[in-house]
Amino acid sequence: MLGELLLSIPGLQFAFTQAPPSMKSVVTAAWFLNNAFGNLIVVLFKELAPFNNQSDEFFFYGIIMFIGLMVYIFLAYDYVSQERLGHHLLLIANEATPLQDTFKDELPSTSKSNKREIF
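Note that my numbering has the sequence shown beginning at 1, numbered continuously upward.
No wet-lab data here; the hints were simulated from the structure. No experiment lies behind these values; they were computed from the predicted model shown. One thing to keep in mind: the hints can contain errors.
[Unchecked claim] Computed spacing ranges between beta-carbons, pair by pair:
hint: 1; residue 1: Leu-6; residue 2: Phe-60; range: 19 to 25 Å
hint: 2; residue 1: Gly-11; residue 2: Pro-50; range: 15 to 21 Å
hint: 3; residue 1: Asn-39; residue 2: Gln-18; range: 21 to 27 Å
hint: 4; residue 1: Ala-76; residue 2: Gly-38; range: 25 to 31 Å
For glycine and all other residues, C-beta sits at the position ideal for the given N, C-alpha and C.
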């Protein structure tokens, strides 16, 4: 459970911040689907009990983890984050404008005695 807690929070944050705005829910769903697949592997091997002792089972999980690490290194080698590309600045600018336009009509009226900047 501790590993789940320590991995899920930064993993979901990374997936959500690096995804384009139109794909955030799809990327989050892919994260949970991948998590479900990993849990299914554990349940299958726990129920089938193909190992005679627990050390063989842990060795098997270590091999799976090493294979996952190699796939991760291969995929992450050429990855460039959105912050380094500068796309996050464009996304922030594009997301701020429609929000201001949406609430422009709902802003309180300002008189000479009560002038203040809201946006």
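To see whether the hints hold, each was checked on the structure:
no. : hint                        : verdict
1   : Leu-6 / Phe-60: 19 to 25 Å  : holds, 22 Å
2   : Gly-11 / Pro-50: 15 to 21 Å : violated, 29 Å
3   : Asn-39 / Gln-18: 21 to 27 Å : holds, 24 Å
4   : Ala-76 / Gly-38: 25 to 31 Å : violated, 18 Å
Checked against the numbered hints above, the structure violates hints 2, 4; every other hint is satisfied.
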